[in-house]
Each structure stands twice: as structure tokens, then as C-alpha cells.
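Number of protein chains: 2
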Amino acid sequence: MKQQLIFTNKPGEALDSLVAKLAPKGVFVLTDRNVASQVIPFLSAMSAEVAKAIIIETPAGDVNKNLDCLEAIWSRLNEEGATRKSLIINVGGGMITDMGGFAAATFKRGMRFINVPTTLLAAVDASVGGKTGINFNGCKNEIGVFAEAEAVVISTIFFNTLPLQELLSGYAEMLKHGLLENRETFSALLGFNISSENFNGERLLELLRQSVAVKERVVTEDPYEHGIRRALNLGHTIGHAVESFAMNERKAPVPHGYAVAWGMVVELVMSNMLEHFPSEILHAYASYVRDNYGAFYITCDDYPALLRLMAHDKKNPSPDKINFTLLADVGAIKIDCIVDKDTITAALDIYRDLMGI
Amino acid sequence: MKQQLIFTNKPGEALDSLVAKLAPKGVFVLTDRNVASQVIPFLSAMSAEVAKAIIIETPAGDVNKNLDCLEAIWSRLNEEGATRKSLIINVGGGMITDMGGFAAATFKRGMRFINVPTTLLAAVDASVGGKTGINFNGCKNEIGVFAEAEAVVISTIFFNTLPLQELLSGYAEMLKHGLLENRETFSALLGFNISSENFNGERLLELLRQSVAVKERVVTEDPYEHGIRRALNLGHTIGHAVESFAMNERKAPVPHGYAVAWGMVVELVMSNMLEHFPSEILHAYASYVRDNYGAFYITCDDYPALLRLMAHDKKNPSPDKINFTLLADVGAIKIDCIVDKDTITAALDIYRDLMGI
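Residue numbers (this note's numbering), protein chains in the order written: chain A, 1 to 357; chain B, 1 to 357.
Watch out, some of these pointers could steer you wrong.
Pairs count within a copy or across copies, as identical chains cannot be separated in the list.
Unchecked claim - Below 20 Å or equal to it, Euclidean Cα-Cα: the simulated DMTMM-like pairs (lysine to aspartate or glutamate) are:
#	residue 1	residue 2
1	K131	E221
2	K140	D291
3	K140	E80
4	K85	E142
5	K21	E49
6	K85	E225
7	K10	E280
8	K341	D353
9	K334	D301
10	K25	E221
11	K140	E79
12	K85	D222
13	K25	D349
14	K25	E225
15	K251	D302
16	K25	E142
17	K251	E202
18	K21	E71
19	K10	E216
Everything labelled a hint here was simulated from the structure, so no lab data went into it.
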């Protein structure tokens, strides 16, 4: 079975027709408190099935993707008489789709579930791969299973109320997929103004569809992450170092998506230096990032700390060899590139230039 | 992937060669306190891998197949640095193989596990089907997943220290499989003296292999329990009624396996009345049960309560139609037989006769 992906800005109709087809014995909607107040009333007005479903609410935030909340979900399902033939609709961000998917996959050894991501990042992430789970003992996603939803219903109408920072975080993943795909897809993304208050929802839905298709293709080609799937780490070697640096040295955490957006600038510079990645595309991307994400401010004095953090990455063959995914062009992927510290240092200099630091 | 079944009375050698083949990063042994003291020292002497493994001990008994103990197992795995490439060897009864299988299937979205059942019942049950899980909110196996072990290592040498009652409970399942198979397999079972203190372990291992093969065939034919798999309910319609009756009316619970052994006597009587099941085989079976399990004492006054309990069974189409699996001969299975109350009453009379009540 592969989960069905439905891109629509009429999510109510999609849900009602899915429920009619699946004919479950009882429908549950899992959501968090924020989504329950901001999205559920709106979704209930569009879907008769959501309107009459039993709502299970959890506290919001990744910190609540834990065993206590999972236990509370299992208890509610048990008390409300859910069976293996019931259905859970998970409405929320990645925290809800991860935890709700796991709750469903393990209740009575597996009931069916549908995901309705309400953030851009969850729409990109939760659509492919079937990863479910919770955090445990301070470790992210330590407990979970692989389990696919019956369907994922993706709508951009949920994104209108998202804070811009969350939209941009998700959009960084889409930019990454564009870079892995081809020039056309990538220019379309650079031509879309995600920061505008009145972005075009139908257009974003179309871009999202293309983006998810890229991820789907990569994951299908390499389900066990032995090769090409590592291309999805583009921007992440620098990005993770920036994230840790911001958190530990500056005590001012940055969103993961922002770190990846900046990380991709540095990695495209390296791609340009080592693999002849086209300069004009590098410059166009750097401008987009500067205009939308701003710059992550660094000086030469920060380089040793950043290099040390990159060296710690578990993907490296040894501490002084740092592993990157680079590009010879948009869509021309080179995995497992070992880059020396002098080249990285030079790339960080050029990044500061491009960002106007 | 299908789990590998290894029938051997050299379990230490089997485990060491499995571990060598799987080449895990770290080996854990999950067991309960009783097994830890009675079996692990003995198994460690036979297996270098068990001797050097990290032992995780839980309290014994089905009452501890719960979320608290599962959480403790996850914590130990996390603290000891288990990864997705580590291996858990579950050594114990069904409680350990169920809970350990679930812990493994969910830790970091799935690590590998091997089951080493130390009770006869667990050997028959845990070998086929991949059911894992824990009890929750007072419901048996409410939370779990289907996940197969890399291998199940089955040895009768563990059974020497089992209380006779536990051996007999497991043997009832084997008798059931024999009845579903053919006359030869079934007579071999009636010819084996499981109650003897010095039973022949090699012979029991051979009978166990046949028994597991029957279950495997039935489950493979009907993985979703739509048809023939319900044959595995033989003896259970009466058996469940007897179990509930003993627990609730008599306040003296009987082991599940005993209830099934008695239930099969009644259901073979009905098979004889309605489907011409051979009388001589019915009598031979009834004698085996009387000699080994004794009789469950009932009078006519108990019939209404028993019939009421049977009527509650969720497998029935309606409260006054009671559903049974019957046999026209050993191996000639008739599922979904509706039997009226007069016939059941007559069969209970004959049961009392056969049991010498």
C-alpha cells in the first residue's frame, strides 16, 4: 500500500469522500489546542465528517510529542470504543502527524489514519516516507514505526494564518527539492513570493505538488538511505553547524529551515568552486535568501567553531574529512563529496560577501 | 521477510551462529526475573553471545506486560546506546516475547529481535503470526504492532523446569492443531505422555515442529482471519464460557489451555452428533483429557449460566445463534456452524458422562 496524496484547496470535500470510501467504524480527529481553535471550526464547516467526529486534543508544541500525550491519546481511543476499523484524522503540524500516526499504527495493532498537515513543513515532510513517532528521554523520534497514512490531504488554505517564519521554514525544504530537480522547477520557486501577505494559494499548491514529487522519487529510489537519498542532506552539513552554533554559542536559536537556507548558500558556493555550479543561479538563490530570510551574521572569528561543529557530523568518514552533497548544476547531484577546510573557509568568505555582511 | 524457525536442543549454538550472521551493533537480552534466575545462567553457559550481552530484566507475569515496563525497556535501550543495528534476544514466556517484540519494533522505528520462548505455550504461539504488544487500560494486547522476529529458537530443554500446569496448558494448543491436521499427527500427540516427569525432549521437539507447521499453514492461507483461520477457535467457544464461568461464578480461575482442552471435548461431542466425527477418536481424546487435565465439574444447574456466556461471544451472528468450528473428522474442518441450545445441552450431558462426572 502507498499513501494517496491529495492536493486540493477543498479539503472538506476530500475528507468526506475519503471517509465514505473507507467506511470506518467511528471517526476521530486528533489535533493540538492551537489548531483546535484556529483550524477545526473552519474545517468542520467544510466537512460533515469532521463536524461529527470525536475530537482528541493534545497540548501544542514538539515538547509535547511525548509518551504522556501518546498515552492520553491511546486512553481516549480505548475509552471511546475505537476499534481496528475506526479512523483517525490527524490535523496539525509535524508533531500531530508524527504522534497521531504512531498512535494509530499501534492501537489494537494498527488502525487507519489520514494526515491533514496544517503547516507547510509538515505538508512537505509528512507526505512521503511514513515516519511516525514520539520523542523519548530527550531524543527526537526515538520511539516510532514506519506506517503510511491511507491518504494525505494537502491544502494551502491552512497556511494563511501561519506566522511568516513558519512558512519560510517550510519553503526552504521546497527550495532544496527544486535544486535537486531541474532549472525550471527551481526558477519557478525563486519567482514565487512566499513572504507576500497575499500569496497565491493555488500557485503554492502546484509548487508543493512538484516539491513532494521530487522527494517521493528520491525516497522511492533509495528507501534505505544508502545512496541518492542522502542528496536530501543538501544544505544540512553547514545548516546543522549553523543551528548548533546559534543555539550554543549565541544562545539565540534559529529555525531549522532558515539554517538550511543559509547552509545551501554556502554549499552552492562550494559547488561553484569545485563542480562549476553556474554562478548566475548561485547569485539568484543568494538574493532570494537575503531578501526573504535575511543573513546569518558571522565573522572570521566564528569559522573555527563552525568547522569544529561540521567535523562532528556523524556522516563524516573521519573528523578532518567533511562530507557534503554538492551540485554540478541544478539537478546534477554529487553525493559524498569530501571538502577540505581551506575550501570551506573560502566558501564562508564568499557567503559573507553574497549576504552583504 | 518471514521469521526463521529453528527447532533445536542446542539453543546456545543456534543463537551464537545467528548473532554471527546478523552482525549486530550490541546485543541485549530481555527477560523476566524468574527466567533470569532459572534459565539465563544455563543459557549463558551455552552461548558466548548471551554471556556477554546486556541483560534487561522486567518483573514476571502478564500483569507486568504494561506501559510502565515497556517504558523501562525503552529507557534501558536508550541509556545503553542501542541503535537500529542492535539486536534484542527475548528469552521468556509469551509476556516477554510480546512485550520485547513490541519494544524492538518501535525503538528508533525498528531494531531486530530474536525470540527464545521458554514455555511450551509461547513456543507454539510466538512462532507464527508476528503479534507483539502490551496490555493497556485493562485490555489485553490493546497496544502493539505486527512485527516478525529475525528468528525464533525453539528448544524443549527449557521446559524441564516448567510447572506441569503450564506444560499442559501449552499442550492443549498442540492437541488442537493435531485435530485440525490429520489422524496421524493427532494420534502421535495422544501417544505422548506430557505429564511424565521424564518426557522425551527430542520427541516433544518433533511434535512441536509439526504443530507449528499446522498453525503456519492456516495463518498463511488466511492472514486476515476472514475464513479458515477461524478454525484455530476450535474448543474456544465452550472454552471461553468455561473460563469466564470458573472466574466469575466459582471464583476459581482455570488456565486457558485447560478450558480449551475441556471445550474441545464438548465440541467434538457436537461434531460427532452433527457431523459424524468418529466416536472412537472422540473417546480416545476424552480419555487423554480426563487422565491429564482432570474434569471441570459441572451439573445441569450450571447449563443456563454457561449458555448465557456462550451467547455473549462476539463471534455469534445473533444472541440465540451460537457459532462453532466443528470437525467431520480429524482434519475435516467446518467453520461457522450454528448450533442450537438443545444440541449444546445434550453435548454437555455427554461431556459429563465422558469425564466421569
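Going through the hints against the structure:
1. K131 x E221: Cα proximity of K131 and E221: one copy only (17 Å, versus 30 Å across).
2. K140 x D291: neither (32 Å within a copy, 57 Å between copies)
3. K140 x E80: between (30 Å within a copy, 17 Å between copies)
4. K85 x E142: between (28 Å within a copy, 14 Å between copies)
5. K21 x E49: within (12 Å within a copy, 51 Å between copies)
6. K85 x E225: Answer is between: at 14 Å across copies they meet the 20 Å cutoff, but 33 Å inside does not.
7. K10 x E280: Classified as neither: same-chain Cα gap 39 Å, cross-chain 69 Å, threshold 20 Å.
8. K341 x D353: For K341 and D353, only the intra-copy Cα distance (19 Å) is at most 20 Å; the inter-copy one is 90 Å.
9. K334 x D301: neither (30 Å within a copy, 81 Å between copies)
10. K25 x E221: Intra 36 Å, inter 26 Å, cutoff 20 Å: neither.
11. K140 x E79: This pair counts as between: shortest inter-copy Cα distance 14 Å, intra-copy 29 Å.
12. K85 x D222: Cα proximity of K85 and D222: across copies only (18 Å, versus 32 Å in one copy).
13. K25 x D349: So K25 and D349 fail the 20 Å test inside a copy (60 Å) and across (41 Å) alike.
14. K25 x E225: between (37 Å within a copy, 18 Å between copies)
15. K251 x D302: Result: close within a single copy only, 14 Å intra versus 74 Å inter.
16. K25 x E142: between (31 Å within a copy, 17 Å between copies)
17. K251 x E202: Neither way: K251 and E202 sit 39 Å apart in one copy and 67 Å across, limit 20 Å.
18. K21 x E71: neither (29 Å within a copy, 37 Å between copies)
19. K10 x E216: neither (23 Å within a copy, 47 Å between copies)
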